[in-house]
Amino acid sequence: MIKCIVIDDDKMSRELISSYISKLDSLDQVGEFDNALDGMKFIKLNEVDVIFLDIEMPDFSGLDLLKSTNELPQIIFVTSNREYAVEAFEHSVCDFLVKPVDFSRFVKASERVVPKQEAIQENGTETTGAADSTTNTKYIFIKVDTRFVKLNLDDILYLEANGDYVVFKTANKGYIVHTTMKKINDKLPDNKFIKVHRSYIVNIDKIVDIEDTTLLIDKKIIPVSRSKKDDLMKSLNLFK
Amino acid sequence: MELIFDEKILDKLYFGDQDLINQMFKLFLDQLIESKAIIVTGYDHKDLESLKGIFHKMRPSFKMVGLVEVFDEFEIHERKMKAKDLPYLESNFENIILTIDSAYLFIEKRLQEN
Numbered sequence: 000m001i002k003c004i005v006i007d008d009d010k011m012s013r014e015l016i017s018s019y020i021s022k023l024d025s026l027d028q029v030g031e032f033d034n035a036l037d038g039m040k041f042i043k044l045n046e047v048d049v050i051f052l053d054i055e056m057p058d059f060s061g062l063d064l065l066k067s068t069n070e071l072p073q074i075i076f077v078t079s080n081r082e083y084a085v086e087a088f089e090h091s092v093c094d095f096l097v098k099p100v101d102f103s104r105f106v107k108a109s110e111r112v113v114p115k116q117e118a119i120q121e122n123g124t125e126t127t128g129a130a131d132s133t134t135n136t137k138y139i140f141i142k143v144d145t146r147f148v149k150l151n152l153d154d155i156l157y158l159e160a161n162g163d164y165v166v167f168k169t170a171n172k173g174y175i176v177h178t179t180m181k182k183i184n185d186k187l188p189d190n191k192f193i194k195v196h197r198s199y200i201v202n203i204d205k206i207v208d209i210e211d212t213t214l215l216i217d218k219k220i221i222p223v224s225r226s227k228k229d230d231l232m233k234s235l236n237l238f239k
Numbered sequence: 000m001e002l003i004f005d006e007k008i009l010d011k012l013y014f015g016d017q018d019l020i021n022q023m024f025k026l027f028l029d030q031l032i033e034s035k036a037i038i039v040t041g042y043d044h045k046d047l048e049s050l051k052g053i054f055h056k057m058r059p060s061f062k063m064v065g066l067v068e069v070f071d072e073f074e075i076h077e078r079k080m081k082a083k084d085l086p087y088l089e090s091n092f093e094n095i096i097l098t099i100d101s102a103y104l105f106i107e108k109r110l111q112e113n
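Same order as they appear, the protein sequences are chains A and B. Mapped onto numbering that gives the first Met the number 0, the consecutive letters of the first sequence carry residue numbers 0 to 239. Mapped onto numbering that gives the first Met the number 0, the consecutive letters of the second sequence carry residue numbers 0 to 113.
Just so you know, not all the hints are guaranteed correct.
Claimed, not checked - Calculated pairs, BS3-like style, for lysine-lysine (alpha carbon to alpha carbon, straight line, at most 25 angstroms):
1) B:K7 x A:K10
2) B:K81 x A:K66
3) A:K10 x B:K81
4) B:K35 x A:K10
5) A:K2 x A:K40
6) A:K22 x B:K108
7) B:K11 x A:K107
8) A:K107 x B:K81
9) B:K108 x A:K10
10) B:K35 x A:K22
These are computed hints drawn from the structure, not numbers from a lab. Please read all numbers here as calculations on a predicted model, not as lab measurements.
Same shape as in the complex, but just chain A (with noise of 0.2 angstroms):
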């Protein structure tokens, strides 16, 4: 179940997004507060996926919400103004509706909520549950713009770092993420994954071939740095 709270100094709206949430099983509403202040108490105490937070509110906006923290659930705003959807969209929120709002879309939003405990997030802040460097799982979660996106490990052919952006690369498609390849490493398994380069962390097994300081994947070459080649050698499964 996803856990979220509303946050909205309207009653009405709080009684509408409240009887939409009443109304899916995927979800479980923990908290209702008519100002951000109060939600961030009881974010701070309590276990919390999803926020469904109005922007516009007297004292502290949801706005100033996002900036006050770097340690915030995933973030729906609803508001009356559609002049916010930039800026709410540089906070990386998962949606942002328009009061009121109606079921079907209520809906949308809602599906792209990822359990916290599936998430990685692009601030590195959420380890548990998907892929780290110490488990076996087989997937990890990726932000792309508001979106969680399930990408299956063995799909991902390398990640290669530009400027404060990751691309993901599977054999069809390149996802970017606003991150650190830094972060990412340390989510990935060393058994499957190893940094070849600055910019490169690469799959293990779907190196094609070797050759002193590049590797080939998928028609790609890739640099390995001089570094990282003895690490790169011990990794593998080598017969000599």
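We have chain A already, so just place chain B on it with the hints.
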């Protein structure tokens, strides 16, 4: 004052759940009294910031009780307050109060009929 009532929006929001509709109507009436008081005070003090805030808060509630045209009307009021358009407020204040009173009577009647 004649208000246009959109029954379809209620079906879309509440799926014909009459208890929920009645609950929302009651909440609307309670909030409308409080909001009207804030508007009157805001107008007396020429407090456009507080008026912008209350118009913003009230706006979706009109749609939630089927008064779609009033919802659109309040969007204009909110925009004008955001632009600090005091002459607009002065020339429209009586109409705003009239609309609020009409909305109250209309929803109160609907609630009694339900």
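Each hint tested on the structure:
1. As the CA atoms of B:K7 and A:K10 are separated by approximately 22 angstroms, the hinted pair is consistent with the 25 angstroms bound.
2. Of the supplied pair hints, the one linking B:K81 and A:K66 holds, its CA atoms being roughly 24 angstroms apart against a limit of 25 angstroms.
3. Pair hint A:K10 plus B:K81 holds up; C-alpha atoms about 23 angstroms apart against a cutoff of 25 angstroms.
4. A hinted pair counts as satisfied when its Cα atoms are at most 25 angstroms apart, and B:K35 with A:K10 qualifies at roughly 16 angstroms.
5. Of the supplied pair hints, the one linking A:K2 and A:K40 holds, its CA atoms being roughly 16 angstroms apart against a limit of 25 angstroms.
6. Restraint check for A:K22 and B:K108: not satisfied, since their Cα atoms lie roughly 29 angstroms apart, outside the 25 angstroms limit.
7. Among the hinted pairs, B:K11 with A:K107 is consistent with the structure: their alpha-carbon atoms are about 15 angstroms apart, no more than 25 angstroms.
8. In summary, the hint linking A:K107 to B:K81 is not supported, as the alpha carbons are separated by about 32 angstroms, beyond the 25 angstroms threshold.
9. About 22 angstroms separates the Cα atoms of B:K108 and A:K10, which keeps this hinted pair within 25 angstroms; it holds.
10. Straight-line distance between C-alpha atoms of B:K35 and A:K22 comes to about 33 angstroms, which puts the hinted pair past the 25 angstroms bound.
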